[in-house]
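Protein chains in written order, with our numbering: chain L, 1 to 628; chain C, 1001 to 1045; chain V, 2001 to 2382.
Since the hints were derived computationally from the structure, they do not count as laboratory data.
Just so you know, not all the hints are guaranteed correct.
Listed below are the simulated DSS-like cross-link pairs for lysine-lysine, each with C-alpha atoms no more than 27 Å apart in a straight line [unchecked claim]:
#1 V:K2261 with L:K558
#2 V:K2253 with V:K2328
#3 L:K431 with L:K558
#4 V:K2328 with L:K430
#5 V:K2069 with L:K558
#6 V:K2328 with V:K2261
#7 L:K359 with L:K406
#8 L:K25 with V:K2261
#9 L:K520 with L:K430
#10 L:K406 with L:K520
#11 V:K2254 with V:K2328
A short list of chain L residues far from chain V (calculated; beta carbon distances all over 12 Å) [as the list claims (entries may be wrong)]:
#12 E9
#13 A264
#14 R270
#15 A271
#16 R273
#17 E583
#18 E589
#19 R595
#20 A597
#21 R599
#22 V605
#23 D609
Each residue gets a CB set at the ideal place from its N, CA and C atoms; glycine is no exception.
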Amino acid sequence: MASGCAVSEVSSWFDDAERSIEPAKPFLVGPRSLSYGELCERTRRLGALFQELGLQRDDRVVVATEDDSAAISIFLALLRYGITAVVLDPQAAVPELESLIGAADARALLADRAVVARAGLGSIKRADAALIPIDGDRAESSFLGRLTRGLRGSRSPERAYPAVLDALAPLAQRPPDLPESTLAYILFTSGTTSQPKGVEITHRNLAAQMRTFVRHYGLGRDTRLLNVLPLHHTDGLTQGVTLALSAAATLHRPLRFRVDRLPALLDGIRAERVTHLVTVPSVLALIANLGAEHDDCFAGEEFRFVISTAAYLDEGLWRRFEARFRAPMVNVYGLTESVCEALYCGPDPETRRVGTIGKPVDCEARIVTEAGEDVAPGETGELILRGDNIMRGYFRMPDATAAVLKDGWFHTGDLAATDRDGFYRIVGRKKSVIITGGMNVYPEDVTSVLRSLPGVLDAVTFGMPDPAWGERVVSCVVPAAGRTLSVEGIAAQFLERASREKLPLEIHIVADLPRGPAGKVILAEARAMVEQRRAVPAEGGDGGIRERVLAVAAGTFKTDLRSLSLESDAGNTAGWSSLAHVEFLLALEVEFELRLAPRDLMSIVSLGDAVRVIEARDAGDRSQRGAA
Amino acid sequence: MYAFLRRWLPEGPATMLVGLWYALLIVLVLWSLVEPQAEFRYVKL
Amino acid sequence: MSVVSLSLFGWMVFAVAPYWALPDRLRAAWLSGVTFAFLVVHAPLSAAILLGFAAATHGFTRSDRVSGKTAFLLCAAIVLVLVLYKLRVSVRFTDALTTLAIPLGLSYYALRCVHYVIERYKGTLAPQSAQDIGSYLFFLPTLLAGPIHRYAPFHRDAARRRWDSRLFGEGLERMLYGYVKIAFLSNYVVSQGLSSLVLDLQASHPSASTYLSVIERGLNGYLQFSGYSDIAIGFGMLLGYRVMENFNWPFVKKNISEFWKSWHISLSSWCRDYVYMVVVALSRRPALAALASMLAIGLWHEISCRYLLWGLYNGLGIVAWQQFQRLKPMLPRIESPAAALALDAAAVLLTFHFVILGFVLVTEPTLGDVLTVYRSLFQGWP
C-alpha cells in the first residue's frame, strides 16, 4: 500500500469478508457462533443503527457485555464505520465503571442489562449519550427464548440489542474509505482511583500489527485460532478478533475461562482442529499440571504452535511444556501501547531462542540509559520501541503521552538486555506494575482501595514471584487502632470496590509497615517480612501433609521419593499393585492417626487424592475442635 | 501395520504389502466362513 | 446374536455412515437411537431393562452428593436383576457356554451402571445429563460383549471427537483382526485343526490328547473373546472413540495376578474398583477382598457351582501369590541372567498351566467329568 494515500486498510478486511469469503464459513465458534455471512449482515445493520444514532467518525462508543458474539459484532461494526470502540470489562466493579465511562466521554453505550442496572449507567453516562441495553444473544439460541422474546419484543417500546436490529435494514452501500488516522479503539490500562489511561490505537496502528501477525505467524484462511482471553484486553481483542478477521480465519471462543473448564478447552483443540492457541503463561502452567490423559491435546496434525503472551514465560515451564506436549511455543512481548506485540521469539528459527523474547519484527527496538543513550550489548537499560504499531498517545493526556513517547520512541518501562546474537531478554521493570496471570495490576490502585476500607489504617502492595501466575499480588494491611481485621472480610469488601483481578492473592495483616526516613514503605523489607511469615506454618506444624503422604507412598511402594508426585497413581508408579494400594491406605491411617470412611478410602486413586482427603479430614477435625 | 512397515520400507512397497496383507486376511475370513465352522463361544450373547 | 454375522455388520454400516454425515451435536443422539433400535429389534426385553437402568441411574444420582444408602440400594437393585437372570440361566441350561438366554448385553451394561453410581457416590464424577448417560449406555460397539468401558474417558472422547481418517483406518484394521481371530483362527484352525488332532490322538495317546484339548479350550477362549473385543474396539474407533483395551497378552504373564490384569481387563479392573476396594474399605482385609473379587469374576460368567469353584481356584491362586510375595525377600537372589531367564520362562509356563487347568472346571459339564480330565492328564502318561 502506498503510504501517501493514507487510506485505512481495515476496510479491505470487511470487503474481503463480503466478497470473497464463503458466507457459511464460521468466523466465531462459541456458545453463540457467527458465520462470515452473519457477521457482514450484522455489521451493516449495526451501521444503520449508528447512522440513526447520529454517530460520526471518531465518536466514542462504550461496549460492555459478557456475550462474546455481541461484543465482537459491535466492536467490528464500530471499526468498519470508523467509530472508536471503548471495550470495558462487564465484570468491573461499579467505581471502576464510573471512572472509565466518565473518562471515555462516549456518545453511546451498549452494555448488558445487568451492567446497566448494577452500575446505574443511565445516570453516569453523558447526558446526551444513547444507552442501548444488550439482552445477550444467548436467549436467541433456545427456541423457547426466541419465542418469548418475540412475544415480548412486539410489545416492549424499549430498544435493546439485538432486537433493535430487526427493525433496521442493513446499509446497502459500502461505507466510504476511512483515513488511516481514524481512531480504531481506546483500551484503558489502569483504573480504579488513579486517572484512567486510555491507549489510543489508530487504524494505521492496528493494520500494521495485523500485517505483522499474519505474515510472521503464517496465518491464512485455514487458520483456527483458539483465544479465550478477555475482550477488554488487547490479547483477546486484537490477537483474537481482528486477527481472525484480517486473516479470513476462524476464531474459537468456546467458553469463558475457568480453571475447572480447562480440560474441556483442551478437548476442543482436537475436536475443532485448532491450529493456534493464544494464551498466557499462567494458563500454560495449569495445562502443564494436568494429568497424562491430556498429553496428546496438541497432537492433531493441523496444530501449529502455542502463542504465549502478556507476561513473563518461565524458561523451565517453556521447556517442560514443549517436551511434554511436542507443541512449539512462540513467546511474544508487547504492550497495549504497541497494539499487542512487538518482539517475537519464534516460530521461525531466526527469532527463536528459548528463554528470550526473541527479536523485534516490523518495528525497531533499542535499549537505552536514563539519558537516552544506547547501552552496550549485554547491558541493561530501558526497552524502547518505534514503529507503525505504536499508539498515537493516551486519550486526552498530553503530559502522560509526552512522558512515554519521545521522538516517536515509546518508552516501555521494561528493563531489557540483549545477548551476543541480539536476542532480547526482559530483566526487570522500571514502573511498579505487577503482571499477574497476564493482567496488569498497579499496586498503587490496590493499595488505595485497601486504604479506603473501614478499619484499615495503612496498606502496601507489591508483586512477588509466583510459579503459576508469573507474579502474584501481595498486600500487607495494618488495622486501625482497636480494630480486628480478617483476610476474608477484607477480600469481600475489596471486591465491592474493585475487580477480581486486582484482589491480592495474599493478604497479610501486620502490626506495622517498615518505613524509611522519608516515610516511604521500604518494599524490600516488606517482602522479607512476607517471606518470613510464609516460612512459619499456619498452625501446629501440620503443613507437611503432602510430604508425609509422599513419604508413606515411597515406603509402601518401595520406590524413590523423588519419582513420586501428587499425580502418581497405579498407572504410573512401579510397585503400586492392588495389594500395595491397600497397604498404602492402611499406612496412611497409621501415619495420620485416623480412620478413613469407606467413601474416602474408595476415592483415593492418586497421591493427590490422598492429600486432598487427609486435608479435608484435618480441616473437619479442626473446625470440630473449634466448635467444642 | 502400515506405520510398522514404514519404519523399514518406502511408501510404495509399504502400501503394497499392507494391501496384500489385508487382502490375505479378508480372504482367510471369507474362506473360513464358507467352510463349515465349528463354532466356539466364550461368552453367551 | 453372533458377532460374526451379516446382520450385525449391516447395523454397523447403518450406524457409522450417517454418523459422520450429521453435524457433531446430533451424532451422540443418532448413535443412541440406532443402538436402541438394534435392541428393540433383536432383544426387546433387554431394551426395556436397559432403559429402566438408565433412567434409574440418572434419576437417583442427580443430586450433588449421592448418599451411601442411595448408592447401595441402586447398585443392589441392578445387581439383583442381573443375578436373577443369571440364576435362571444356570438352572435351565446344561451347557451355558453355547446357549443364550440372558437379556442381550445385560451382564455388561449392569456393571456400567454400577460403575457410574459408585463414581457418583465417591464424588469423582459430577452429575451428568440424561443425554450423556444415555449415549454412554446405548453405545452399540460395546453393547454385546464389552469391554465394560468407563464413563469419564468415554465422555472425554465425545468431547474430542472429530473425523479422523487415521483412527478410522486403525478401526477397520482392528476389526479385521477380530474377524480373523474368531472366524479363521478360532473357529477354523483351532476348532477344526487342533480338535481333529485331539481326536486322532485319543486312542493312542489319551493323556496327550486330553492335554491338547485343554490347551484348545484356553486358546479358543482367548481368541474368541479377544476377537469380540477387537471388533468392539475397532467399531468404537470408526465412531471416533478409543474404548479401553480388554486383553494384553494374558498367556505370557509371569504370575496369576499379572494374568488377571491382562485377561478381560475391563471386568477385572471393574471388580478391583467395585468389589475389591469396597470390601477393603469395609473390612480392611486384602486377602478377603481378593477372594471376593475373584468370586465375583467367576459368578459374573454364570451363577453355578463350577464357576464358584473356578473363582475360588483363581482367588486362592492370587492369595497364594500374595503370600509368596512376602516370602520372596527371604529367598536367595538369582544373579545369573540365564538362570533368571529360565526362571521367568518357568513362571510363564506355570501361570499358563494354572489358568488352563482352571478352564477345565468350567468347560466340563459335570464335576465328575472334570475329575476324569484331571485324572487323564496326570495319570495317563506312558
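The hints, checked one at a time:
{"no.": "1", "hint": "V:K2261 with L:K558", "verdict": "holds, 21 Å"}
{"no.": "2", "hint": "V:K2253 with V:K2328", "verdict": "holds, 18 Å"}
{"no.": "3", "hint": "L:K431 with L:K558", "verdict": "violated, 52 Å"}
{"no.": "4", "hint": "V:K2328 with L:K430", "verdict": "violated, 65 Å"}
{"no.": "5", "hint": "V:K2069 with L:K558", "verdict": "violated, 37 Å"}
{"no.": "6", "hint": "V:K2328 with V:K2261", "verdict": "holds, 21 Å"}
{"no.": "7", "hint": "L:K359 with L:K406", "verdict": "holds, 22 Å"}
{"no.": "8", "hint": "L:K25 with V:K2261", "verdict": "violated, 49 Å"}
{"no.": "9", "hint": "L:K520 with L:K430", "verdict": "holds, 18 Å"}
{"no.": "10", "hint": "L:K406 with L:K520", "verdict": "violated, 30 Å"}
{"no.": "11", "hint": "V:K2254 with V:K2328", "verdict": "holds, 15 Å"}
{"no.": "12", "hint": "E9", "verdict": "holds, 35 Å"}
{"no.": "13", "hint": "A264", "verdict": "violated, 6 Å"}
{"no.": "14", "hint": "R270", "verdict": "violated, 4 Å"}
{"no.": "15", "hint": "A271", "verdict": "violated, 5 Å"}
{"no.": "16", "hint": "R273", "verdict": "violated, 6 Å"}
{"no.": "17", "hint": "E583", "verdict": "violated, 8 Å"}
{"no.": "18", "hint": "E589", "verdict": "violated, 9 Å"}
{"no.": "19", "hint": "R595", "verdict": "violated, 9 Å"}
{"no.": "20", "hint": "A597", "verdict": "violated, 8 Å"}
{"no.": "21", "hint": "R599", "verdict": "violated, 6 Å"}
{"no.": "22", "hint": "V605", "verdict": "violated, 8 Å"}
{"no.": "23", "hint": "D609", "verdict": "violated, 9 Å"}
In this structure, the earlier hints numbered 3, 4, 5, 8, 10, 13, 14, 15, 16, 17, 18, 19, 20, 21, 22, 23 are contradicted, and the remaining ones agree with it.
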